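> So the protein lines, in turn, are chains A and B. Using our numbering, the letters of the first sequence correspond one by one to residues 66 to 180. Using our numbering, the letters of the second sequence correspond one by one to residues 101 to 433.
Just to be clear, a hint being listed does not mean it is correct.
Claimed, not checked - Derived EDC-like pairs: lysine to aspartate or glutamate, alpha-carbon spacing no greater than 16 Å straight-line:
hint: 1; chain 1: A; residue 1: K145; chain 2: B; residue 2: E102
hint: 2; chain 1: B; residue 1: K156; chain 2: B; residue 2: D121
hint: 3; chain 1: A; residue 1: K160; chain 2: B; residue 2: E136
hint: 4; chain 1: A; residue 1: K143; chain 2: B; residue 2: E102
hint: 5; chain 1: B; residue 1: K156; chain 2: B; residue 2: E105
hint: 6; chain 1: A; residue 1: K143; chain 2: B; residue 2: E136
To be verified - Over the 12 Å line for every Cβ pair with chain B, so calculated as not near, a few chain A residues:
hint: 7; residue: G86
hint: 8; residue: Y101
hint: 9; residue: L125
hint: 10; residue: S130
hint: 11; residue: N142
hint: 12; residue: N170
hint: 13; residue: T171
hint: 14; residue: L173
Note that these hints are calculated values from the structure, not bench results. It should be emphasised that the depicted structure is a prediction, and the values quoted were computed from it without experimental measurement. Just so you know, even glycine gets a beta-carbon here, dropped at the ideal spot from N, CA and C.
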Amino acid sequence: MPNGTNGQSVFENLRLELRRGCLTVAVLAQLRQEQYGYTLRAALNDQGLDIDEGTLYPLLRRLESQGLLTSVWREENKRKKRFYHLSSQGETILKQLLDELQRMNTSLERIFQEA
Amino acid sequence: MELLERYLQEVRRYLPRDEQDDLIAEISDGLQTQIEARESELGRALTSDEEVAIIKAYGHPRVVAARYQTQRYLIGPELFPFWWCTVKIVLICTLALELVGVTIAAIVSTTPFTVFVQGLAVMWPSIFWVFGVVTIIFVAIERYGHTQSVLSRAGIDWNPRVLPGVPSDEVPRSRSLWEAFVNVAALLWLLDLPYVRQSLGFMVLGPGVNYLAPLALAPAWRPFFVTFFIASLMIVAMDFAVLVHPNWARLRAATLVLANLLYVVGACLILPLRNYVVLIGHSADYANALPFIYEAIFYTLIGFALICAGTAVLNARAFLRKPDRPNFNMAEA
């Protein structure tokens with residue numbers, strides 16, 4: 066059994082790995098409606114998924130470079146903001162990811178029940 | 101806002117050049133929105149400390165910029181094991197060659213200890229050179245080459261059928277018998293029993309052994325026979341033990357390490373002698389050949405010492421290898 070501090074760091078590392086994939090799906094799902102960085106972060110936070118901006122913005126750039134998001138600069142409240150939205154390819158990928166997530170949840174539930 | 105501008109200036113330095121403006125605009129908007137939201141909650145402007153807290157929470161400028169880089173490692177997980185293996189092989193070969201050179205230079209010098217120590221001191225920068233060159237090559241492969249095709253061209257396309265067989269932990273009895281025979285002969289030769297040395301010489305050299313009759317080992321060899329005698333005695337005792345218990349492979353490896361180190365010590369002690377043999381009687385032919393005989397014995401001793409050193413290293417590795425093999429008997433699992 067891991068001791069106190071070591072156990073906590075082991076949990077944190079594993080928790081980060083678990084969150085990494087789920088956050089991507091959450092971000093894609095949330096961007097079915099157009100949002101910019103701050104409102105997207107706030108919306109995820111409201112749903113119980115906190116993510117810091119230092120992680121969110123690079124994730125958005127990466128998803129955009131992969132063709133899953135589109136972005137446009139627009140002026141709002143006298144300042145230019147970058148608005149993101151799910152692309153058509155992003156919608157396809159999101160659906161596939163949600164199906165995959167559903168399959169994994171079903172498998173996990175079966176494993177938990179057997180255990 | 102001056103703090104924010106200084107922070108953004110620092111982040112910009114580490115961003116990809118063609119995306120700096122775009123990324124800084126986005127980061128700036130994000131931070132300013134955070135600041136405005138906090139000011140709206142508090143109903144006042146933020147203090148300097150509060151602004152610092154928001155900027156610090158965003159992250160160190162280098163770390164923030166690094167998140168926008170596409171490749172965040174020098175050598176990826178596919179190439180890493182091959183890089184590490186290459187570094188080890190090249191390092192071992194380089195250091196081994198340098199050690200041989202340093203040893204030979206020390207042996208032939210008039211101040212062997214000083215030369216050896218100085219040679220060792222000069223050897224160590226090679227570690228950094230080897231490490232750097234091999235790493236640069238692999239970084240180039242990672243960055244500009246297609247890893248899978250590079251590995252395939254290098255012959256690293258593995259096939260389970262060509263994997264090496266599982267080694268047996270038992271020592272073949274034939275090997276123990278042969279080793280025991282050779283080392284008993286060496287012991288008898290060292291003991292210089294009547295007719296034994298001549299007979300053994302005849303077994304190895306045939307009638308040609310008579311040409312060695314006018315030569316005898318210099319008296320200075322005698323004390324150093326002890327090291328050879330002890331080493332051969334150890335090996336003979338070990339061989340007879342392993343004949344009875346063939347699975348005593350680690351005992352064999354440990355014994356061979358010690359014995360070979362003794363051979364190396366003995367050879368190194370004899371090397372500076374130079375006048376290894378003496379003439380029995382007077383013979384002009386042999387007297388003229390003595391310098392050449394000395395040179396031949398000199399280089400033979402060096403080769404012998406190197407072979408024994410290498411054998412000691414190999415047996416040390418065999419000794420340190422974990423003795424437990426994976427249990428492939430599924431019925432017992």
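> With reference to the structure, classify each hint as holding or not holding.
Verification of the supplied hints:
Our distance criterion of 16 Å between C-alpha atoms is broken by K145 of chain A and E102 of chain B, whose separation comes to about 19 Å. Taken as a hint, the K156 of chain B and D121 of chain B pair is broken in the structure, with Cα atoms around 22 Å apart against an allowance of 16 Å. Taking the CA atoms of K160 of chain A and E136 of chain B, the gap is near 36 Å; set against the 16 Å cutoff, the hint is violated. As the CA atoms of K143 of chain A and E102 of chain B are separated by approximately 19 Å, the hinted pair breaks the 16 Å bound.
Among the hinted pairs, K156 of chain B with E105 of chain B is consistent with the structure: their alpha-carbon atoms are about 14 Å apart, no more than 16 Å. As the CA atoms of K143 of chain A and E136 of chain B are separated by approximately 13 Å, the hinted pair is consistent with the 16 Å bound. Non-interface call for G86 of chain A relative to chain B: holds, since the shortest CB-CB distance, roughly 17 Å, exceeds 12 Å. A beta-carbon of chain B comes within 12 Å of the beta-carbon of Y101 of chain A; the shortest separation is about 8 Å.
For L125 of chain A, the requirement that its beta carbon stay farther than 12 Å from each beta carbon of chain B is not met, with the minimum near 9 Å. Once the 12 Å rule is applied to beta carbons, S130 of chain A is inconsistent with being away from chain B; the minimum gap is 8 Å. Listed as a non-interface residue, N142 of chain A fails to keep its Cβ farther than 12 Å from every Cβ of chain B; the least gap is roughly 8 Å. Interface exclusion of N170 of chain A from chain B stands, the closest Cβ pair being 28 Å apart, more than 12 Å.
Every C-beta of chain B lies more than 12 Å from that of T171 of chain A, the closest at about 30 Å, which supports listing it as non-interface. Against chain B, the non-interface label of L173 of chain A holds: every CB pair exceeds 12 Å, the least being about 26 Å.
Of the numbered hints given earlier, the model fails hints 1, 2, 3, 4, 8, 9, 10, 11; all others are met.
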